[in-house]
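If you follow the hints, you should be able to join the two separate chains into one complex; please do so.
Okay, here's what each chain looks like letter by letter:
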Amino acid sequence: MTAACHPDEAADRPVDGLPVVALVGRPNVGKSTFLARASGRFVETANAPGTTVSLERRRVHARGRDAWLVDLPGTRSLDDVPAGDDPFWRLLLEAAPDAILVVADAGDLARHLPLAIACRDLGLPVVLAANLADEAARRGIEVDTGRLAQLLNGPAHATCGRAGQGVDAAVGDAVELAAQRRGVLEGTRSPRGSAPAPIYAFADEMELRRTATELTAKHRSLGAAAAADPLADAVAAGVISGRGAASIRLAHALDPKRWATATSWAADVERRRDAPEPLADRAARWSTSPWPGIPVFLGVSVAAFLSVLLVGGVLAAALAAAWSAVVSPALAAVVPAVIPVPVAARAVLWAVDGGLLGMLSVGVPYVLTFYLLLAVLEDSGYLTSAAVLMDRLFGVLGLPGRAAIPVLAAAGCNVPAIYGTRVLRTRRERVIGSFLVTLVPCSARSAVVIAAVAPFAGPAAALAAFGVVMGVTIAAGLGANALIPGRQSSLVLELAPLRAPVPGHVAAKAWWRFRSFVVQATPIMLAGSLVLGVVYEAGWWQAIASAIGPAVQWSLGLPAIAGVAVGFAFLRKELALQLLIAFAAIQLGRATGLGELMTPAQLFVYAVVTSISIPCIATLAALRGELGNRAAAGIAASTLGLALGTGALLARLLGIA
Amino acid sequence: MSPERPASDRPTLATLHVGGTLRVSDVDPAHAEELLREGLRPGAVVRVASRTPLGGPVIVVMGRSRIALSADVATAVRGEPPA
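Protein chains in written order, with the numbering used here: chain B, 1 to 657; chain X, 1 to 83.
No lab work stands behind these hints, which were simulated from the structure alone. Among the hints, erroneous ones may be present.
[What the hints assert, rightly or not] Derived SDA-like pairs (lysine to any residue); straight-line CA-CA distance at most 20 Å:
| hint | chain 1 | residue 1 | chain 2 | residue 2 |
| --- | --- | --- | --- | --- |
| 1 | B | K257 | X | G20 |
| 2 | B | K257 | X | R23 |
| 3 | B | K257 | X | G63 |
| 4 | B | K257 | X | D28 |
| 5 | B | K257 | X | D72 |
| 6 | B | K257 | B | V302 |
| 7 | B | K257 | B | E207 |
| 8 | B | K257 | X | D26 |
| 9 | B | K257 | B | P198 |
| 10 | B | K257 | X | S25 |
| 11 | B | K257 | B | D268 |
| 12 | B | K257 | B | R271 |
| 13 | B | K257 | B | A201 |
| 14 | B | K257 | B | V341 |
| 15 | B | K257 | X | P29 |
Just chain X, with the same shape it has in the complex (with noise of 0.2 Å):
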């Protein structure tokens, strides 16, 4: 992780291609209490499983559960691909 490289360029959970891995750096605070209930927390690792027709909720996979989020919250979730 290049904690130098400013957050708005780090790719999050709405822009990262399909198949794509993630290691959570942060997450927007109006979204960190619901997304901690599912393990999204800073230091996770998520893949993008699939993204549903004409921009709908995009699933994620973190363990072996499949979490669907909104494009709102995808958005809120920023990281840099695992080393």
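Okay, chain B solo, but in the shape it has when bound (with noise of 0.2 Å):
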């Protein structure tokens, strides 16, 4: 819940007193650039669902004047649910705002006015930046500014984001008019302007005077716990008046009234000539028709995916050269003079130098190269439309189009792409996608299928073992759709225009995700080693080997290490063959190969087992921190029953158990 519901924090303004100014848009409206243009800096908050969304404040000085520009999500209409659980009014009143910044298309009026005519019911100064003027004027569109301000009976500007234009005369009114309101407020000015003109029937306006009678005679007659009512709370707080707020909980009868006079007065304001369609809407029009809309979303999968793989890999050979020629010496002379014990000291050297290594050769890499993928093709607008081309196919394992690029991603790293699932709606679908996610084989995971087949049984048998990680991951997908409660949604949902991404934003968004992923995996990363240094330097691995080993030969038809192996595998799956050799050469006392510890086939069920099986102790942590201990444990349980049961069957059907 956020600080909306407590009458006491709605009214929780900034305690220098300093006006504040709300910017309010639908999405794809590029209110972002807006706000970094006139606040000269970008930013990345991340608003998923179920979560409680923290708003953005930014200070800004125009016209002489210091205030506050909050940053709210873009939203459709007031009672809209755009990002966590609250609808967009409270996050609105949060904001405790002394006048409105709506940023508008300027090419598509009819569409956003319906939001700023709601602002203006709200009572509060507004004022309209009819952004993407630039875009309009290429389409042949252009705004009567000062027709459109008579209509609003506020400030209305043609304004460019992108390029700043319009921007600064569009704040500088803002914070004036908030200014004003806040001097009202405190008793150094008095009230003036006049009333808009009324667009709504007589039957509404008395509905209107009625619930505003009744929300603002709510707190006097009942005292504020008594009233238990977040918009007789605001009134009571001074937020907004009582017609402010009626005109929210009459939405739903006003909106419809809205949106035709959003439709009259686009008609008004818009001054149209013809122009050639731009070819940003016809690449649009192409990116969600069949063709060549479905070769150009394979086209530019498969080039994430060898991108992310190519960069990733140079990087991590680069990273991992340095780290062992400058770093790790340095660790290997310091902790054990700091340690005097050398089996701890040993078990601690796994942690700092091994874990941190891992870390730095998967975590810079792979995923900050992919998040700087994603966000390139989120800002571009491309993402939502190669996510409804592909709704249907995805739709077969319960999932929407948007989950595509989360699951391809999970190619290179599933910790970033359960991240990624964010970008799904409801918990079932998240809950599906993750653990779909989870069975890809990153990178770590296919080196190793590579690495134990490829040599021993040749590429085809290599190929074999992927295809079937594949086939059981389409088929728990299908299981999971059929099993997990629910069914997919419908989908209403805005395409975003194609538009050259921002590299301002590209590297805010990838920046801000990356820094969450570090924050959050390196502890696990280096908690894991140290776990699998102890296990490993103390030799407790042997006694675990002859517990279970008979349980893995009769199983699976591996030795007793193999199965070792898999389980430690856990903590560092790209150390799974490593380990492997590593205990094999402690048991028979001296150095071996994979092909002299175990047949083709053996390699073959190892390899899918150590893929399927229980994600790794980082992806496990971002299930947590994602879907919670419940969902987390019953992925983990699921990838660890599959990998086992296939692994029994292609023991048995190759013979080897």
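This is how it looks when you write it as structure tokens:
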């Protein structure tokens, strides 16, 4: 729950008493670029379903005054739920604005003015920025901002956030009006200005008045605790007028009239001339048509996968080389000097040397590269088009098309892909999506499959191993779709127009996500490596091997140490083969190769089981953080069951068990 | 518009051919609130821009915006060809 539930916090104005301007607009209207232009900085905040939305407040200076500019998530109406659990109006009242700056699409006013009219109905000063004026002009649309200002009873500006045109003027007007309202509230100014022309029918006006009186009286008659009505609270706290609160309560009845009014206002202020269809619009149309949309989507997916793999691979190798040349020798010298017990020192080295290197060589190259790519695809508007095109294909797995990107991204690393499932709307979709993500072999597991199978059983066998894993993933998706209650959600989605990505915005988005990945994954990687180091250096793995040996032999037809290696690969998947070789060398008393240890058929089973079984510890932590303990445990147990079941079946088919 | 024509005879956004235009006459109340947020309400004029494979979402154009509607939602929007 956000602070808006409590009347005293609803009026939680900044202590400095500066006027507050709220930035409101529909999604895809370029609001974040507008804000960046107004305040000189890009920002990215996570707004996932089921989380509390944090509001970004920026201090701006305009027309000789300081003020706060509060960014709000893109919304389609005041009672829409654009992010988190709360309707938009609660977020807006929480910000306690003194004026509202509505960012609208100059080329599509009929669809953007209803929100501006709803804001005007709140009784707060409203400034309209007819943004994307450049795009509108390319489509042959000019806006008569003078006439629009008359209709709206507030200043209107043609703006272009990307170029900065008109932004200062719009923000300046909003700050000035906000300061005036603040002055009136504090008694240093007398109210002035005219009421806007009425647009509602007599019956609606009467209902507004009746509801306003009711909301205003509620606190007086019942007291704050008994009123238990956030709208009445906001009125009592002076955040909005009684009529403003009533216009929120009656949104359902008023919205159709707002849309009708917006349509006629738009016709009144738009000056149209013929213009050829811009290339961006044609490309947008193609992106959702089966031809050439599907080939383009496949091309983009393969290119994305390959570039993450290639760029990530090069960066990972470079970082690993630099690490072992500079950091490893230093750590190897320092740690034993600080920790006098040799076994403990070696275990700690596993953590700080191996663990940090693992973090560095997976995190920076693969995760950051993927986040940058994802941000480019998102910011260009292509992602939603591709998602819609693939919607039905993913529908058989119980997922909307939006899931395509995280599922593909999982082939690089599961961890960012699980955070990537935030693009899914319902919990059901997020659980299924995360489940499939954990089944997709990440780059570390792919490397294990290739290295274990290809040299001993040939490349075709390695491909077959991937085929088995993919078949299991698809079967698991079909199963999860059938077993997890609920159905695919209906889709009503406005598609973002295609635009050149804004570098600052892309960088801010990728950086924000990368930072949260590093913060969450680093401690887990360190702890996992430490545990692995202790078990290895203390020789405990041998006891474990003799305990589980018979079961592993019977079910999977594998040697006991292979079972231990699969188990401990939970801590570091990319070490699944090195661990196996190390265990074998200790057991046999001499160095050995994989081919000597297991038959090609056994290696095949080992690779498939390692790839499917329990996600690595960093993935598990991501699952826990995103979905909670129960879902994370359920997903982990399901993957383990699938791995053992598939392994046992393969072992029997291949005649090794 | 011919009001006497039974509602079930009128085309929906799910049945209209690609490139076809519709003036919305009625919207299934189950989806009305969600559709109104995109401006899809009685009186609005929309064009079917494309369809996606396997009965996936229909892309409609209103003004300059493209809106994707899953099949169940597209069926909920009925109308007449504009005069």
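>> For a C-alpha distance cap of 20 Å, please report whether K257(B) and D26(X) respect it.
In response: holds (16 Å)
> Does K257(B) pair with V341(B) here, judged by a C-alpha cut-off of 20 Å?
Replying inline: Since the Cα atoms of K257(B) and V341(B) sit roughly 78 Å apart, the hinted pair is violated (cutoff 20 Å).
> Within 20 Å, alpha carbon to alpha carbon, are K257(B) and G20(X)?
Replying inline: violated (27 Å)
>> For a C-alpha distance cap of 20 Å, please report whether K257(B) and D28(X) respect it.
In response: The given pair, whose Cα atoms are some 19 Å apart, holds under the 20 Å limit.
>> What's the verdict on K257(B) and S25(X), does the C-alpha distance respect the 20 Å limit or exceed it?
In response: Roughly 16 Å between the alpha carbons, so the hint for K257(B) and S25(X) holds.
> Is the hinted pair K257(B) and P29(X) satisfied, with a Cα-Cα distance of at most 20 Å?
Replying inline: Between K257(B) and P29(X) the Cα gap is close to 17 Å, so the pair holds against 20 Å.
> Straight-line Cα separation of K257(B) and A201(B) no greater than 20 Å?
Replying inline: Status holds; Cα separation ~9 Å.
>> Check whether the Cα positions of K257(B) and R23(X) lie no farther apart than 20 Å.
In response: Between K257(B) and R23(X) the Cα gap is close to 18 Å, so the pair holds against 20 Å.
>> For K257(B) and D72(X), compute the direct alpha-carbon distance and say whether it is at most 20 Å.
In response: violated (26 Å)
> Under the criterion that the straight-line Cα-Cα distance not exceed 20 Å, is the pair K257(B), P198(B) satisfied?
Replying inline: holds (12 Å)
>> Between the alpha carbons of K257(B) and V302(B), is the straight-line distance 20 Å or under?
In response: violated (47 Å)
> Given the hinted pair K257(B) and D268(B), is their alpha-carbon gap at most 20 Å?
Replying inline: holds (17 Å)
Going through the hint list in order, the structure does not satisfy hints 1, 5, 6, 12, 14.
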